[in-house]
Each structure stands twice: as C-alpha cells, then as structure tokens.
Amino acid sequence: MLVLTILALQLAVAFAAGENDSEQFSENLRLRPLQDGRLSSTFEFVTILRTRTTVESESAFHEQAQHYTLFPLALGQLLRRYAVSELHLTLNSGKWNYESWGDPDYPSVASGAEMWAWIAAGGGESVDQRWKGLTNGLSGLLCASMGSLDKKRTTSPSIAFRPEGDLPSGKSHQLLYATLPSENVCTENLTPFIKMLPCKAKSGIAMLLNPHRLFDADWHGMGVHVRWLAQEGIELRLTFGAVLNPVRLSLNAMSRDWSFRSVFDRTISRPCPIATSSSIYVKLPYADPYSLTPDISRTAPEGVAIYDLRDRLEELDVKMRWRDPVFHFRPIENKQPLSVRRLLLGGQTRADLSIQLMNKENVTRQVLWLETMPWFIYFYLHTLTATIDGNRMGKAPPHSLTRIASYAPPTDHKPTLLECIVTIPPLSTVQLTVAVEKASIAYTEHPPDASRGWDLPPAVIQPLDHHGPRRIYTSTLLGDLPTPDFSMPYNVIIMTCTLVALFFGSIFNILTRSFIWVEVEGDDDAQDLVKQKTE
Amino acid sequence: MVCRAGSVAFLIWCIIPLATAIISSFGGASPHEAIESFFTNSSSEGRGHTNNWAVLVCASRYWFNYRHMANALGMYRSVKRLGIPDSNIILMLADDAACNPRNKFPATVYANPGRLLDLYGENIEVDYRGYEVTVENFIRVLTGRVEASVPRSKRLLSDERSNILVYMTGHGGNEFLKFQDNEEISAFDIADAFEQMYHEIFFMIDTCQANTLYSKLYSPNILATGSSDLGENSYSYENDDEIGVSVIDSYTHFVLEYLEGINKTSQATMQDFFDLYDPSIIKSTAGVRSDLFTTRSAAQTLITDFFGGVAQVEVLEEEAMAGLGVDEENRVHTEGVTILPDSSQPARSPSHSRDYRSSRKEGLCYFLATRSVHLDLVHLTPGLVVGSTLAPSLGCFCTTPAKATWSWFHPATATPFERCYDNHLKR
Chain A
3 MLVLTILALQ LAVAFAAGEN DSEQFSENLR LRPLQDGRLS STFEFVTILR TRTTVESESA
63 FHEQAQHYTL FPLALGQLLR RYAVSELHLT LNSGKWNYES WGDPDYPSVA SGAEMWAWIA
123 AGGGESVDQR WKGLTNGLSG LLCASMGSLD KKRTTSPSIA FRPEGDLPSG KSHQLLYATL
183 PSENVCTENL TPFIKMLPCK AKSGIAMLLN PHRLFDADWH GMGVHVRWLA QEGIELRLTF
243 GAVLNPVRLS LNAMSRDWSF RSVFDRTISR PCPIATSSSI YVKLPYADPY SLTPDISRTA
303 PEGVAIYDLR DRLEELDVKM RWRDPVFHFR PIENKQPLSV RRLLLGGQTR ADLSIQLMNK
363 ENVTRQVLWL ETMPWFIYFY LHTLTATIDG NRMGKAPPHS LTRIASYAPP TDHKPTLLEC
423 IVTIPPLSTV QLTVAVEKAS IAYTEHPPDA SRGWDLPPAV IQPLDHHGPR RIYTSTLLGD
483 LPTPDFSMPY NVIIMTCTLV ALFFGSIFNI LTRSFIWVEV EGDDDAQDLV KQKTE
Chain B
308 MVCRAGSVAF LIWCIIPLAT AIISSFGGAS PHEAIESFFT NSSSEGRGHT NNWAVLVCAS
368 RYWFNYRHMA NALGMYRSVK RLGIPDSNII LMLADDAACN PRNKFPATVY ANPGRLLDLY
428 GENIEVDYRG YEVTVENFIR VLTGRVEASV PRSKRLLSDE RSNILVYMTG HGGNEFLKFQ
488 DNEEISAFDI ADAFEQMYHE IFFMIDTCQA NTLYSKLYSP NILATGSSDL GENSYSYEND
548 DEIGVSVIDS YTHFVLEYLE GINKTSQATM QDFFDLYDPS IIKSTAGVRS DLFTTRSAAQ
608 TLITDFFGGV AQVEVLEEEA MAGLGVDEEN RVHTEGVTIL PDSSQPARSP SHSRDYRSSR
668 KEGLCYFLAT RSVHLDLVHL TPGLVVGSTL APSLGCFCTT PAKATWSWFH PATATPFERC
728 YDNHLKR
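Chains A and B, in that order, give the protein sequences. Going by the numbering used here, the first residue of the first sequence is number 3, and it counts up by one from there. Going by the numbering used here, the first residue of the second sequence is number 308, and it counts up by one from there.
Read the hints as simulated data drawn from the structure, not as lab findings. It cannot be assumed that every hint is accurate.
[Claimed, not checked] To be clear about the criterion: a stretch of chain B counts as covered by chain A if any three or more of its residues have a C-beta under 8 Å from a C-beta of chain A, and this derived list gives those stretches:
#1 437-446
#2 450-462
#3 480-489
[Unchecked claim] Partner residues are not named here, just some residues of chain A that face chain B (Cβ under 8 Å, in silico):
#4 C145
#5 V187
#6 T193
#7 P450
#8 S453
#9 G455
#10 D457
[Unchecked claim] Pair ranges (Cβ atoms, derived):
#11 B:K411 / A:R405: 28 to 36 Å
#12 B:K411 / A:A503: 46 to 54 Å
#13 A:E234 / B:V453: 50 to 58 Å
#14 A:D152 / B:E490: 14 to 22 Å
#15 B:R603 / A:I509: 28 to 36 Å
#16 A:S174 / B:V453: 44 to 52 Å
#17 A:S442 / B:K411: 32 to 40 Å
#18 B:A455 / A:L466: 37 to 45 Å
#19 A:T385 / B:V453: 55 to 63 Å
#20 B:N570 / A:R332: 35 to 43 Å
#21 A:I509 / B:L537: 54 to 62 Å
#22 A:T446 / B:K411: 31 to 39 Å
#23 B:K411 / A:R268: 18 to 26 Å
#24 B:Y542 / A:D267: 35 to 43 Å
The beta-carbon is built from N, C-alpha and C at its ideal position, and this holds for glycine as well.
Next up, chain A with everything else stripped away, as it sits in the complex (with noise of 0.2 Å):
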C-alpha cells in the first residue's frame, strides 16, 4: 500500500502545481427556485487551459505529446485532431418552459441533441471530413448517437451562432450546425460526463450528480462547451441542467421545500481539493417568506445567496424552507418579453408551417428565425405570409416585416436551412407561414419506427438587438410522413418468386426432360427394371 501512497501524494503535488500553473478549474452550482414550485439547478465545471493557440498544425500533432493535468485528454484529442476552435454539444431532455421557468442558465435547451463546431479550414483534410470525425469521436466520448449527425443533418448557417469565443487569426473557420431531436439523454451519458471531472463525482458539487434524481427531473440537459478567448486560452464548460421538482418529490405533502438531500439524495461532505472556486449560488425569493440553512457565507447584491465550499469541512446539505408548508400554484406570470409558438398543420404531404412570434415590449424587435429541416422538407417560400395581430400583411417578401437572410434548398439529401430576419413592431404579435411539402422518401430511408413519424428539429430565435447569445428554442414538431406498406417488398418478392417458379419451372421441365418409351407388357426383365428405376 506504501507504494499505492506514494503515488497518490506525487499526483496530489502534480495537481497542486498545474493549480497555478497552465490549467484551472473551478466548479459551481445554481439554485433558482421557480414560480411554479419547480427548483432549476445547473451544474457548471470549468476548467480553463492556458494556452497561445488553440488548434496545433498538422505536424505539431504528430510530433508534440498532449499533456494535461486537468483538462479531459481524450477531448483535447480530438478537438487538436479535428482542428476545432469552438464546440457547443448539448443533450437535452424535456421542453424548457420560457413562460413558466424564465430564461435558462445557458441558452442551448433544444430537445435532444444539438452541436455547433467552429472547425478550422486547410491543412489537407476538408471541414467535412472533419466535422465527420469529430461526432464519430464524440460519440464514443460521449455514448451518444452523434455519428448520425452526417451531412443529411449538417448546415452551416449565415448569421445565427456566431463564435462565443475568439478564432485563431490567420485561419479561416467554418460552422458547421446539426441536431438530432429524438436523441435521449441517459445514465451512459453522464458517465462519460462525470469522468471528464478532474475530481469524478468523489468530492465538490459533482457529488450531487446522482443520475435516479437527475434524469428524473422534469427538464434535464447536460452541454460540452469549448471555445478559446485570446487573453485566457482554452475553457471547457461542462454544464448539466435539471427542472427539479420538489412539489412532487414530497408526494402527497406538496411541499416545495426542498434541500439537497431532498431533491438529488445527496450531500456534499467534501470539497474537490483542486478547484481555485467552488461556489453554490441560491437566487434567493423576494416575495414568499423563507429560510435557508446553513448560514450563508455571504450574499451578493442582486439577492442570490453564497456558499463557498473551499473553506468548509463538514458536510453540506442546502436546504430551503418556505413558510406556508402547503405550495399553493398560482397563474403563472409570464415576464419574457418575446415568446414564440410554432405549429405545423396539414397532411401527410402538404402543410403549412407556421411560426408566432409576440413582442410583449414597446419596442420594435429584430429577431433572426432560423429553421433547419430534414431534406424530405420543402419549403414553397413565395407562399411566405406575414401577419401582424391577425391582418393579413401580404406577401412577404416586398414588405419590410420580413427578410430572407440565406435559404439553401433540400439537394442531394442535404438539410433544409432558412434563416430570416422579422422585424416585429412593439406590442404585437407577427405571425408567418410558409407552405411545406414532405416529400415521400424510399423506403429504407425511413426509421425502424416510421408510424410514429420524424421528430422536426426546433426552430431558433435570436433576437439581433439583444446583448449577448441569447437564443429562444420552439418545442420539436412531430413530421407524419407518408409510409409505405413495409411489408410490400416482400410480398412482390415472394409473388415474383412464385410466378418464376411456376413459369420457368414447367417450361424448363418440358424443355429439357427426355421422354423414353418403356415396353412393359410382357416383359418381365423390362418390368423388373421399370421398378428398380421407380424405387
């Protein structure tokens, strides 16, 4: 065991220089309790790589060994390998209710799985290629489908994510953008998640990361998120997101009282030894009475409590109690000043698309409406229509409500991309439609379960005049398509088969058998033969 110590003691020293030296981490947890009764919780794990430059040439790759002390090797492989400066993955579960729940932590809350990569152009491999490496390699990372993010489900939008970070100069970059809505996000994926902590879930906030609870909440989401600043180096923001529900987890008690032990059935007992802050954040109510325990260690201005778990030794379960133990739910107060709905009506082959958009603000908003569909969706947009507050405004494109920013047509199996900036005036609500056609696909391009139809990527809106990446995502649409009779093949098979056989078989047998005349009468050696023959 001597030996075992020894070690252990030479990488806690190895840790504790990479502490001040090229790599840092740092950990926190924010709790918000939410209007509904509903606690939201992001878990957020940073750890930031100092560095000049973010991808290596070709030849550095080959020749210079990746060592880090923190940072996850086998995503700075293959963010190296594939020359990515920007990586935004998240996998989601749930719809993020905006009325009910406010803005999330991190705007990325698109059902299922989504993933935007900046990757770096030239150096005899094309972006494709690359980005084709990277989801293969962050599948296996990740225990995720994200192999299938081919280029039936790839585009490379105009306007909408720009990089959160800074782009190497020198290098041009390109974005490259897919979703695959009927992604779900389980265990497999928060083991992979837990294992690129330095500390695992053994010590610091991560111990709260106990998947019965959190894949039972009622939204849940966990992101990858890399992107290089010129001034820092390399951050990589590991983020997992859960809609907690207390109301619910007291049962019959329906209490939203809720605390760690309570909602994620652990505890902290021991801070991860090498983050410089380890910080949980409690926005703190301001309308209903409460009490929170432990004692705050402090409390920032805009009512959000602070405990630090650096300097703590015993164990630590936040807990948050309300005065009227009964939770009573009340209209829900909608304060986001742009909502969106969108709906696709019609049949299985022609429908209408169409897309509200309410300004709640006296002011006149640009938003930015992106939409990326499946190849087998076509989009007829001289059928565009705006209204404004239910009056038709005409077609569309002549007036000024509406622009069509990039528009790329569904060829050769590539994804429809429509990205359109809509001016909404103050206080109203634009609606706009556009006439869609599904179009029938073969049949071995549809899933295994094609009655249950395509689930239809989410729609993003970005308002243009809002400071910082904010994005509204609309729920996933559910796209009937026409199916084909699967069995259909089979049966013009086995019919085929059949009518060869019967056909062909008795031509051929006619064809080539011999008729022989047999004596029989009298004979009896020829009869004898007849009946060897026969037998």
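Given chain A, work out where chain B should sit, using these hints.
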C-alpha cells in the same frame, strides 16, 4: 474505451524505444529467447486466450420489450462483475428503457419483480443505442469493417487470441432474429460474420426458435447455445406490476441466476452449466452446439473463459528471470498492486501469477512479466485511474520516496530489469 481513456492517459509513460543495447544487455541470447517464446508461446498448456471481449445485443425496440433490454443489461452487469472492462464490452441497446418516459423509475432497469437490483446503475457505457443498432452495424462490429473515424469504444478490437462472448436477444424465428422490428439478421449472416478475428467464440442467444440461429455456423472453435428449439417459443419470466411489463426472459433469468454463483476464480465449466439445462425450469428446450468446438471439450472450458476477464498471467522461467537480474529471494507475490478491471470489486492478480520485486538503494521496482496483461485499468487509489494497456507487455513499476513511475514495454521493445532502474530511478 475512448469514453474514459483520455482522462487517465497522462500517467502512462511512453514506451521506451527499442535500442539494440537492450538486447546486448541481456548478457546472452537465452533470456531474450525466453521472452520471445513467452510472447509467441506455442507450448500446448499456455495456448489460451489472452483477452476477453463481449458483444451484447438487445435487438428490440419499444417499451413493451423492456425485458430484452433487461436481458442484455443483466449480461452486461455479470460480465463486468466477472472482470471484462467496459472497453472490451460492446453493448448495443435498440431502445432506451431506462430514461423512457413510461418508466416510473427513471434511469433504472430492473430484472426482477420487486425491483431489488438496478441493472442500469450509475456507471454504464452503451456503445450503440437507438437507431444505431442495425444489422449492418452489428456485422461491421463483428468483422471489424468500420470507418476510420469510428472510435475505439465502438469497435471489436479482438485478435487471434481473443475469446468473444456474443449474446443476442430479441424477437426471432426460424433462422432469423429481428432488429428493431424492421430488419432481420439470418443464421447465415451470423455464421459468415463469425469467420474471423477470434480465438474462440461463445454464442448465446435468447429468442424464439433460438437454436436455429446457430445451426448454420461452420467456423471452428465456436461453442453455441440457444434458449429454444425449432418451433418453440422462448417465454418471459416474470412481470413487475409497477413497471407494468415483463422484466426478464426465462432463459436469460436462468443464465444470470447461474452466473450469480460464479466468481473470477470459479472452476465451473461450460459443461457443468449445460448439464443444468432443464426444460421444465426454462420453459423451453435450450440447446447446445459443440461440434465446432473441437480443440477442447465444454467440460474443459471454464465459464470464466468467456464470461470473465480473468487475466492469464504467465511467468518467465527461473533462468530467464535470473538473466534479467532478478534473484529468487526477491520474487514475491504481488501484494501492493491491486488489479481492478474497471470499477468492479477488487481482485488480486490470479494466484498463480508471480511477479518480481527487487530493491536497491535508489528505490524499489516491481517487474511484471505477463503475457496477457489485462491490467486495462489499474486503479491505485479510488477515483484515480492510472494505466491502460491492451497489448501483451512487460511491466515495470518503480517507486522511490519521491515518486512512483510505471511503464509497459511492448514485447518488441522488451527491456530487462536493469533498464527499469535506468529509466525510472536514475532519471
């Protein structure tokens, strides 16, 4: 597995390049030859497998096929407990039962009514899931014909010394098994896919008319077993009222119950297991096909040869070790290093392994000469994963009061013990 390798590899010391000086420092040809013959072992007693792989397939989609997910996950838990690490398990689940909205108990899959044992747990790696579970992908995995960018965790990186367990479950019929209720794999496809990349295969299938699925196999050294005869159904075992569906199939339940009594050092054989087949318990006529399994009999084959990842550690002859500068009195059983395949229970290296230790004033070195080192993951302290190797290796593990270092040498670059000191202690 790529899923995990990255966070640990920073501790793996680079393989020391081959130098001609190494060979000369042996002080004669015989130790080197001993090492050579050790790795290219052709003696009959040592001609075993050196690594274990498991391909576990649940080919059924939809919630009502919960039991098929539970079948595959039950096997997953058992082989993991018996020592096959996640990196050597290809788990294919055609649907998500654990986080299915219909699952009243999120992130869990149970195989027994009363929900006593959660098969999903908190540490699971599913390699192919959902729509990725197709006949094409399954055959690609078995034959190794995958695209260049497919990560290691999704490949069957087996070799000619691999023992592979292939377990399949789903809905099937005479000579076919359905994938996702959409396409089929035939017994001929399975037979053709099994033609390469293995030392021995144990094929187990639980589906209706399962025994027909192995009827077309023709490649040598395959032992096969199925749950039911031609014309027979395989039935589910039990329902859980709160989950609302059947939770496991009868045959797989029987297998898992048996495996519960097996541990890594178990000497139970395949024949012992087959002898327990009883149609009145399994509710179908489970079959065995052993005519292709000719080099040894099922009675000579341990259960753990296929279900376990037991490292087969062989030690060099005394004289070879002497040539490497290791004295007899310095030979010890490994006590300090605990070999943990992944995160399962601690297991010492097998009792017949002898590892060598030698101390000098500079420090202490362990010298592990194992042909089949399956120290895929060496956990030295909880939560710290230290080393990873798949290739047969000579290992060197040296400690001084100030540092501890560890390296593996590929057979081609076999480094004698002296070299260990030079590389690890004098640096």
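For each hint, the structure was consulted:
no., hint, verdict
1, 437-446, "holds (count 3)"
2, 450-462, "holds (count 7)"
3, 480-489, "holds (count 4)"
4, C145, "5 Å, holds"
5, V187, "7 Å, holds"
6, T193, "5 Å, holds"
7, P450, "4 Å, holds"
8, S453, "11 Å, violated"
9, G455, "14 Å, violated"
10, D457, "11 Å, violated"
11, B:K411 / A:R405: 28 to 36 Å, "49 Å, violated"
12, B:K411 / A:A503: 46 to 54 Å, "53 Å, holds"
13, A:E234 / B:V453: 50 to 58 Å, "38 Å, violated"
14, A:D152 / B:E490: 14 to 22 Å, "20 Å, holds"
15, B:R603 / A:I509: 28 to 36 Å, "54 Å, violated"
16, A:S174 / B:V453: 44 to 52 Å, "31 Å, violated"
17, A:S442 / B:K411: 32 to 40 Å, "39 Å, holds"
18, B:A455 / A:L466: 37 to 45 Å, "41 Å, holds"
19, A:T385 / B:V453: 55 to 63 Å, "44 Å, violated"
20, B:N570 / A:R332: 35 to 43 Å, "58 Å, violated"
21, A:I509 / B:L537: 54 to 62 Å, "35 Å, violated"
22, A:T446 / B:K411: 31 to 39 Å, "36 Å, holds"
23, B:K411 / A:R268: 18 to 26 Å, "21 Å, holds"
24, B:Y542 / A:D267: 35 to 43 Å, "36 Å, holds"
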